[in-house]
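Enquirer: In order, the protein sequence lines correspond to chains G and F.
The opening position of the first sequence corresponds to residue 1 in my numbering, with each subsequent residue numbered one higher.
The opening position of the second sequence corresponds to residue 1001 in my numbering, with each subsequent residue numbered one higher.
One thing to keep in mind: the hints can contain errors.
[Stated by the list, open to error] With a straight-line cut-off of 30 Å between C-alpha atoms, the simulated DSSO-like cross-links for lysine-lysine are:
(1) Lys-132(G) <-> Lys-1283(F)
(2) Lys-1228(F) <-> Lys-134(G)
(3) Lys-1128(F) <-> Lys-110(G)
(4) Lys-97(G) <-> Lys-1353(F)
(5) Lys-1076(F) <-> Lys-132(G)
(6) Lys-81(G) <-> Lys-1080(F)
(7) Lys-1353(F) <-> Lys-121(G)
(8) Lys-110(G) <-> Lys-1225(F)
(9) Lys-1339(F) <-> Lys-93(G)
(10) Lys-81(G) <-> Lys-1076(F)
(11) Lys-110(G) <-> Lys-1353(F)
(12) Lys-1223(F) <-> Lys-93(G)
(13) Lys-1128(F) <-> Lys-1228(F)
Since the hints were made in silico from the structure, they are not lab data.
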Amino acid sequence: MSEDTEAEEATAPTQRISSFVFAVILITLVLSLAALYFALSAYNSGDASAGILLIIGFIGLGLSTYMLLQTRRSVMRLALKIQPVITTISCQKCGFKNVREFERGDFVFKEVGPCPKCNDKLLVSAIYREIKEKPKEERF
Amino acid sequence: MLRRVKGLMMIPQVSQWGGDPISLVFQMMFTIIFVVFIFYGQRIQMYVMLREVEGSLLRLKYMRDEGRKAAIQTIKELGKPATDPAGRVDQFLEYITIPPEAMDPAGIVWKLEHILDVQDTRFKDEVKLMAPSADPTQVNNLENTLEAAWALNMIYKIIRHYYMLGKKTLSLYIIMQIQMILPLVMREAEAFASALKAFSCGQPIGDGAGQLVAAKMMYGHEKRKVEKDYLVATINIEGRTVHVLKAEGPGGNVGKPGEAIKQIVEENEGKIATMIIIDAAQKLEGENPGDVAEGIGVAIGGPGVDQFKVEEELVKYKIPVNAVVIKEDVGDAVSPMRKEVFDAVDPAIERVKRVILEKTKEGDTVIVAGIGNTIGIGQ
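Only chain F is shown next, with the shape it has when bound in the complex (with noise of 0.2 Å):
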């Protein structure tokens, strides 16, 4: 109050004053600005942030239209459809899923995990019918393209909906909480565009550090196919026999490592030494890419179903679980493999081996479970 007051008095002194007139300019700017600033302040603070977040979501509208152009050019090469993909694939960038009730939170790894196994079949059925000349390969990276595509057209309408409301309401809350948000949000974004280059090339991605790991490991052996797109390798190190397990690649595939690893243990009547879980893992800001860490615990991310069913396992049969990880940014797990990354899959390989010699004796059983995406990564 006291300020607006002070400005008001200002002005008599403009009127009286006879003096230069560019002064008089001068004065009359700031006087006009201060007393703008201090009944607008707060819109024009407003209209800025609205400028920014308009700023950011012309580079989303960007984002999202080449994915769709990138999918419906990768259906058009490799599924050779007799018609337009165009409005199927757009149907497909609207798609939902609604998760399980969990207000009573019994049984809910079950429900979530029986819709997305429907979500799968449903994409899958999705692109074989965008992309019937396809390969099975090619339907997993195909699909993979379009989940980018999705996640781009989902985080621009969700950036939109914030901004069109905190224009319509002129609220600064929401355009505040969507502006501060909006360098993360970006960041993901970026990695999805980029992502979407790879899924629809094959390209082995950051993501993939773990499987490739396992294929490093199995490379040479003889393989069998386990449950849910997960193949086994039974390998000998220094007298132990070691499972090691990883998604059927080279399509863009993560496969349901909790069945693949509980089949397993199952036939083994769970008489296994250890685990060894090997992922790719986000790094923080000022750790390296391509850093390899090692710990306790299931590292298997995603929703939480594989990670559940083979804690149950483990507390079933009281199996130790190592966990082996490689850093790397947010961005980098969904982007075409960093080098930093693709070289730490040397020193991860020793550290399992290490972890074998040490934590287990000779004519031990035990289990080495790749997770990730192994798109462009065969075995």
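Isolated chain G (complex conformation) (with noise of 0.2 Å):
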């Protein structure tokens, strides 16, 4: 099997709505709809019952469209989030500093050629990921 096809196969999956899932969604949404219809039928004859149907009708219109929106999100949930990480590169002599994204052969303390201030060496100084967290409200 050669290494697409088994790609494909891989993700094949994760991309699928269940179809328990599917069919919940698509009974709310018919039901609601139905609802929907006597509500119309009710209200033409006069009868008192029509607000019911409506509001069944749209809390069931609602219930479908979020449960479609929940399944979408967490295909969506699926993809590996992959953080930035940063490379630093200064000058021990000079305090020149660079900083740039990751590149493959990188390391702490390799040096990167002459410092274009003062002609000393460069150095990997850092590498590191940053996450930017909203500050939390500590109470305990």
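Hey, can you piece these two chains together into the complex? The hints should help.
Expert: Right, here's the structure in full:
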């Protein structure tokens, strides 16, 4: 089996909505549409139940839309989030600093040529990933 | 039983009731739901749990496949193999390691060490066969990448096993057990998934915090090789002779700190005033990543062989041992190093120096050992 075919097979199930969930969504949608239709007929015939049927119809419609959106969101959540890694290059003598994205082959204390300011050696002084988190309110 | 009778008693009420059709529908609906939940409540709960496990299993499968893809791609890029490495990678992902029998625990450490040595040699040989053009640093990084992919494959297969077993036997308790530990398993799997990129590119990981401390202390000093992939540099801190030990980088390597420390202790005939071991440690929820803590003991993780060896030496020569740890989340340990952890390295060095000055006097000899995976960290 070629690698591409394997890769396709690997990702295919993650992009599929489960048939059970899809059936539930479909049934809810059909029932809510039916409720809306009955609400309209009840309203035309002057029946007081029109209001209740209308509410049931809209709630069902809202629920099915919400379920569909949730399923879409869980499909999107499968993708792995990769955070950028930063490499800092600095000169120990004059303090010159250059920050760039990590490149394969970088390592801490790697010599990366002469300093453009003082011609001393430039070193990879830091490699890290920065996570920007919202400050949390600490209760404990 | 009483609830079941009450539920059945509602049915005649419905049939006798000839009022509003909507109310009748609602009454019928509630009665049906009530009866269904009485008889099938547990089964419904089980299906809900199975659905939850299934969702996580899909994600685990995705991560496993990504791991396999990343390993194959990196081998192709770095190793320039003549044939497609996919088959060999698949074989590697199925490797098993059988731990020694523990019925008679005497001597088990040496048996375990032997098994781990054989595993390490076997893994390295496999990687060399898969990637003939890779240099030693790249071989180490590729080995780590394959190990992360192996871990993801194992997690996926174990969870799949319990999921299928639960589905087959319809046992609520099998499904419940797996559903309860699932959040922790997923955290671990996410950590290995982010480790893939770090290992394949050779980025420093959180576990290397201890090695980074040692690297910064020994930078610019003469180094020599000691036992199993470790280097030592002898520096002077206010009249104290300090032997700083670090695993040889920048390839992914943990070395054998137990052997290296033993060698230095024996070279000095046990005359060591104090020993300081620096490692990354798992933080508790609520603690901040990058917090530095100190204490007593041999801060060496892993299967325990190295910790055992160091403890043997400490007891033999009555050497006091101190630990300095940098706290981080379990997921951060194998992910690219966080800024908070990187920034904690300088305060950790200050702590080490303070311990040396407080616990020893001029002319004493001290051992400082960095522990962890030294990937992406030179010296």
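Enquirer: All hints are to be evaluated individually against the structure, with a verdict given for each.
Expert: For each hint, the structure was consulted:
1. Of the pairs offered as hints, the one joining Lys-132(G) and Lys-1283(F) holds, with about 19 Å between alpha carbons and a cut-off of 30 Å not exceeded.
2. Between the alpha carbons of Lys-1228(F) and Lys-134(G) the distance comes to roughly 44 Å, so the proposed pair goes past 30 Å and is violated.
3. Taking the CA atoms of Lys-1128(F) and Lys-110(G), the gap is about 25 Å. The hint holds against a cut of 30 Å.
4. Only pairs whose Cα atoms come within 30 Å are accepted, and Lys-97(G) paired with Lys-1353(F) is accepted, the gap being roughly 27 Å.
5. The suggested pairing of Lys-1076(F) with Lys-132(G) is violated, with an alpha-carbon distance near 34 Å, which exceeds 30 Å.
6. Of the pairs offered as hints, the one joining Lys-81(G) and Lys-1080(F) holds, with about 28 Å between alpha carbons and a cut-off of 30 Å not exceeded.
7. Among the hinted pairs, Lys-1353(F) with Lys-121(G) is consistent with the structure: their alpha-carbon atoms are about 28 Å apart, no more than 30 Å.
8. A hinted pair counts as satisfied when its Cα atoms are at most 30 Å apart, and Lys-110(G) with Lys-1225(F) qualifies at roughly 19 Å.
9. Of the pairs offered as hints, the one joining Lys-1339(F) and Lys-93(G) holds, with about 24 Å between alpha carbons and a cut-off of 30 Å not exceeded.
10. With a C-alpha separation of about 24 Å, the suggested pairing of Lys-81(G) with Lys-1076(F) holds against the 30 Å cut-off.
11. In summary, the hint linking Lys-110(G) to Lys-1353(F) is supported, as the alpha carbons are separated by about 25 Å, within the 30 Å threshold.
12. The hinted pair formed by Lys-1223(F) and Lys-93(G) meets the criterion: a straight-line CA distance of about 23 Å does not exceed 30 Å.
13. For the given pair, Lys-1128(F) sits about 19 Å from Lys-1228(F) by alpha-carbon distance, which is consistent with the 30 Å threshold.
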